[in-house]
Structure formats: C-alpha cells, structure tokens
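Got chain A; can you put chain B on it based on the hints?
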Amino acid sequence: MPELLITIITIAIVVGAIPGVCNYLILLERKLSAWMQDRVGPNRVGPLGLLQPLADGVKLLLKEEVIPPHVDRVLFLIAPGISVFTALLAFAVVPFGPVGVDGAPGFLRFIIAPGIDIGLVFIFAVGSLAVYGIVLGGWASNNKYSALGALRASAQVVSYEIPLGMSVLGIALMSGTVNLEEIMQQQIAGGFAAWNIWFQPLAALLFFTASLAEANRLPFDLAECEQELVGGWHTEYSALKWALFFLGEYTHMITISFLTSILFLGGWHLPGIAEPDSAYPLAWLVKMLVLMGKAFFFICMMIMLRWTIPRFRFDQLMELAWRVMIPLSLANLLMVMFVRHFELSNWWMLPGSAALFAAWGMISASLREAERRARPGYVRRKKVEAHHDGHAAGHAAAH
Amino acid sequence: MSETKRKKHVRWVEEPELGFWESTFVPAIMQGLKTTLKHVVDRKPVTQQFPEVKPELPLHYRGVHRLNRDEQDRVKCVACMMCATACPARCITIEAQAAPPEWPDRDKFPKSFVLDELRCIYCGMCEEACPVDAIELTHIYDLTGESRSDLMYDREKLLGVFDRTKNDPRDPVRTGRGKLGPASEFVQLPAVGPATTVPVSDRSAKSETAGVIRTTGREGQQ
Numbered sequence: 000m001p002e003l004l005i006t007i008i009t010i011a012i013v014v015g016a017i018p019g020v021c022n023y024l025i026l027l028e029r030k031l032s033a034w035m036q037d038r039v040g041p042n043r044v045g046p047l048g049l050l051q052p053l054a055d056g057v058k059l060l061l062k063e064e065v066i067p068p069h070v071d072r073v074l075f076l077i078a079p080g081i082s083v084f085t086a087l088l089a090f091a092v093v094p095f096g097p098v099g100v101d102g103a104p105g106f107l108r109f110i111i112a113p114g115i116d117i118g119l120v121f122i123f124a125v126g127s128l129a130v131y132g133i134v135l136g137g138w139a140s141n142n143k144y145s146a147l148g149a150l151r152a153s154a155q156v157v158s159y160e161i162p163l164g165m166s167v168l169g170i171a172l173m174s175g176t177v178n179l180e181e182i183m184q185q186q187i188a189g190g191f192a193a194w195n196i197w198f199q200p201l202a203a204l205l206f207f208t209a210s211l212a213e214a215n216r217l218p219f220d221l222a223e224c225e226q227e228l229v230g231g232w233h234t235e236y237s238a239l240k241w242a243l244f245f246l247g248e249y250t251h252m253i254t255i256s257f258l259t260s261i262l263f264l265g266g267w268h269l270p271g272i273a274e275p276d277s278a279y280p281l282a283w284l285v286k287m288l289v290l291m292g293k294a295f296f297f298i299c300m301m302i303m304l305r306w307t308i309p310r311f312r313f314d315q316l317m318e319l320a321w322r323v324m325i326p327l328s329l330a331n332l333l334m335v336m337f338v339r340h341f342e343l344s345n346w347w348m349l350p351g352s353a354a355l356f357a358a359w360g361m362i363s364a365s366l367r368e369a370e371r372r373a374r375p376g377y378v379r380r381k382k383v384e385a386h387h388d389g390h391a392a393g394h395a396a397a398h
Numbered sequence: 000m001s002e003t004k005r006k007k008h009v010r011w012v013e014e015p016e017l018g019f020w021e022s023t024f025v026p027a028i029m030q031g032l033k034t035t036l037k038h039v040v041d042r043k044p045v046t047q048q049f050p051e052v053k054p055e056l057p058l059h060y061r062g063v064h065r066l067n068r069d070e071q072d073r074v075k076c077v078a079c080m081m082c083a084t085a086c087p088a089r090c091i092t093i094e095a096q097a098a099p100p101e102w103p104d105r106d107k108f109p110k111s112f113v114l115d116e117l118r119c120i121y122c123g124m125c126e127e128a129c130p131v132d133a134i135e136l137t138h139i140y141d142l143t144g145e146s147r148s149d150l151m152y153d154r155e156k157l158l159g160v161f162d163r164t165k166n167d168p169r170d171p172v173r174t175g176r177g178k179l180g181p182a183s184e185f186v187q188l189p190a191v192g193p194a195t196t197v198p199v200s201d202r203s204a205k206s207e208t209a210g211v212i213r214t215t216g217r218e219g220q221q
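Order-wise, the sequence lines are chains A and B. Just so you know, the first sequence maps onto residues 0 to 398 in numbering that gives the first Met the number 0. Just so you know, the second sequence maps onto residues 0 to 221 in numbering that gives the first Met the number 0.
Chain A on its own, in the form it takes in the complex:
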C-alpha cells in the first residue's frame, strides 16, 4: 500500500479516535471522582450514563458561543485552535501500538510519522508550544482572571519544561537515541529486566510529576483554579471553543501517558503475554492493548491524583521546580553520564536513584525548616515528651 495512503488512514484514525477517547476520559474522570466522594456520578443518559459524553458533545456544539466585546477577536479565536493543534501534533510521533510487528494489518501503522529520529525533542518542542494557546487565550480575553491564569500557566510551563526534558535525557543517554520507537524496541529486546524504570526510577517520578504540571493537572492546576481565578485563562470561553481547550488538555494527558509507558515501562512489552517472539494469532492486538492498558493506568493515576491531593501554593510550586526537581534531574543526568563513561553496570543507577531520592527528602525538609525559621514570631521548638495516654500531645507551642 502506498505510504501516503497509510499515513492518511492513520491520521484519520487518530484524529477520529482522540476526541471520542477524550470525551470518554471526561466521563471516566467524572465517574471516578464521584465514586471517590461516595457519589453516583452521571447516570441519566444511557445505561450507567454511558451516553453522557454524546450528550455533552451535542450540548457544547449547540450552545451559544459568547464572544465578549472587549476581547481581541483574532487572538481570542486562534488560541483554542493552537491548543488542540499542538496537542495533536505532539501525538504524531508517539507510537500507540506495536510498530513494525509482523501480523498487523497493513493499513495499521500505529504511528503517524514513523522513524522520526528527533522524536522526543519534537514532542517537547511542540508540547511547550501549547502554552501559547493558554497565554494568547488569557491575554486576548482582556480580563484580569484570565491574564493571571495565563501568567501562572506560562511561568509554570517554563519552569517544569526543564525537569521534564532533563529527566528523559538520562534515557536518551542510556539508549543512545531520542527516537521513541528505537527506545521502545531496545527495552523490548532486553526483556523485563531492561525496562527503563529499573535504571531510572527517580527520572520516572520526576517525569510524571513534571508532566502533570505541563498538562496543568491538579495538583498543579494553578492556571485555572476555580476558587481563585473563576476559570483562569478560559474564563471568557464558552461552547465549542471551551471544549477545544479541554480537548487539548486531555490529548496532552493521553500523550503523556503513552510517553511514560513507552519511555519507562517497556512499551508494549509484558512478560509472558506480549513478548517480541509471541506468535499466537492476533498477537499484534494484544500488544496494542498492553500498551494502551499501561497508558490507561497512568491516566487513571492522574485522575486519582487529582482527587487525592490539594493544589500547591504558587511559591511551593516554583520551589518544587527550581529547588528540588531541577537539581535532582541534573544530578540524575550526571549519574547516568558517570555510569556510562566508566562503563559500569546499568544496575548502579538503581541505588544511585535511591540516594538522589533521599537527597530530595533532605532538601525539602531543610527548605521547610528554613521557611519556618524565617517566619515572624518563630520560637525554637521544645522537645515535647509524648504522653502515652493520648492527652495533650499537641502542646508544642513554646510559652
């Protein structure tokens, strides 16, 4: 089949599937959050509320699109488009199934642009363009809340871009490539023990955390926090334009989840079930489902995290990026360099990561102590004898 036709089919599949998947992710998020809060969740449209996304979509299509008179019309209209465009563009180099595996139907390639040697760099380059959607949207709205939200978003994305990129540099050094298919292939060839998570657990943690911040997900959603900023940068948006922003955000989530599973969890490899030499019928389908299952796990994780931890304060957010995550990701990179240069076993990186993690704890503990000392009215804490009968345990205040 001609290359062009396959590409067009793949693009059609991806562009067709992503809005639907995003819609159902929103349903999943609403259901999960409802269950966590001992509620029922959407259950009116269709059995178990399964048609709710359709109803939402129809509602958003038919809703009145309000464009306030005080906005900068051109930028206001472009911004949601940039958001979706960049999010979808980043997905172009993400393999969402077993690329180059025998047995898969010819028209299915599982990646829009195969063999991109700058895969990772491309994703980060395009992914950080997404902040233009937010900044332009917030600025064009000509509204204090939107502007504040956009400012926060840009500061946050700029800060978290660094640990995000730095944490995967270690993997690039280890595998000697930034081609995503290549990185996946190397882990699969090496088997379960070659999954990057064993050598780069800290990087995985940093990557996942930083990408939450990149996607403006809680606990890092200061750009749109409802309690302070109404809706943040999308305060003035309604109907389909608002939906486009959401589509961008959820696409970003999907991309991140696929990236995390490809970079750290061995892509479609699952010992015993999806090995490179497993040749049972429909093996390609199982492999695709394994990769999607891993991505789904991370998406669920993000949703769970959203409803578990409260939002960071802005200075805490910046502190986490600049004083903890950036030094740690740098140190992690240095560690990989060290191991590679002296040609030590890759397994040295596991205790190294643990040591760096301990450093994380110590850095943030000492930061907190320093902050406490700087407070007005600080009194050095007295040692409090623990009362074993459970009384008066909290009387830590010095006279």
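By construction, these hints were calculated from the structure, which means they are not laboratory data. Remember, it's a predicted structure, so these values are computed and weren't measured experimentally. A few of these clues could be false.
[Stated by the list, open to error] Here are some chain B residues pointing at chain A (derived, C-beta under 10 Å):
1. W20
2. S22
3. V39
Beta carbons: idealized from backbone N, C-alpha and C, even for Gly.
Using the frame of chain A, we list chain B on its own:
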C-alpha cells in the same frame, strides 16, 4: 488591650514538623491514593435519586406557606399585620378590610394577602408572629413557576395550599379555633436537638434557657 495582655492571650501554634518521608511527598500521596482507591472499590453512595426517591424531610422543615381556614372555611387571618411586620424579607403585603357584621369574632380580614415566594427566605418568623395561627409553613419544597408573577402567592393560592396539605400527616393543622398559638401550649419550651455537638466549654452549652443546645461533646464526661 495592652501589648502584654495580648501576648498572654495569643497562643502561637506551629504546624507539626514534617519529617524526611513527609518532605518527599511520596508516602503521603500513596496514603491518600489508598484512601481514594478504597472509596472507589468499596463505595456506598449516599445520593438520593431525586425524582424517583423523594427526600425524607425533618418535621420542622419550612417550605411553602399556607393560609389556614377556620371551621367555617373562612380565612383565619385577621389582617393584624404581625407577620408582615415580623418578616425580615418584607415579602408579605396585606390589605385589610373591615369584617362584615356577620363575623362578630374579628374586626378585619385580609382583602388581599400577597406573599412573594421568591423574596421569602423561609425563616418561619411569620408563623411565629401570627397570633391566630393563620399562616403556617408546609413541607412543600419543590416550588416552581413559569414566571415571577406565578410565584406571587395571593390569598386564594395560599388557601389552596392549605386545602392541598391539611390532610397530610406531615402538615397537621397545629391549633384549634379559639385557642392561642402553639407557643402558649408549652409550660416549658422543649429542648431542640442540636444540629452539631458543641464542647461543654461552649457558651451555648452553658446557657440555662430551655430550648437551647445542651449537649455532651467528646469532653462531656469530664
């Protein structure tokens, strides 16, 4: 208050110290995830499926008003303006008229009695104020209307509410004709169950007045 006095009264409380593991966030987040996951897996929703399942309202629920009728089906109200005066939202408008001579028990009756259900805050002050127990709040909570004027309840509408609710066991006609209001029937005001528990040291718990929260919190056994 002088500076020293203030210092004596202000107690500086510091947040509990975070140790190494708390500072890494990871165990705390895992613990939180465990809690949320527990709720996802073992969920006991308390949600009521509203249109199918009607809520069980407390007996003192204050819903839509009604104007009671006496045993001769006349409006009980004597247009004394007590409710309109007591109303903090000023939603009651009464126009009085001299009672006809065949009604010797009263001077006036309401020619028009309009209650704006949209302005009303459902505090029940009108019910408290009424000397003849003519106005009462019922259990009707799902009040809807297609326009604002639909919800300006006039005398006939309010009497209609009475006709609809007089046989409902949740909305008994609380007094008989000729008696004073319900407040007169109590020698001592009944204690109202507390909405929340308060510690013994709380001001409201120390009060000797009847009808006021007197409860035992956790520290009650001291």
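Hint check results:
1. W20: Hint holds; W20 (chain B) Cβ to chain A Cβ min 7 Å, cut 10 Å.
2. S22: Holds, because the Cβ-Cβ distance from S22 (chain B) to chain A comes to roughly 4 Å (cut-off 10 Å).
3. V39: holds (5 Å)
Taken one by one, the earlier hints all hold for this structure without exception.
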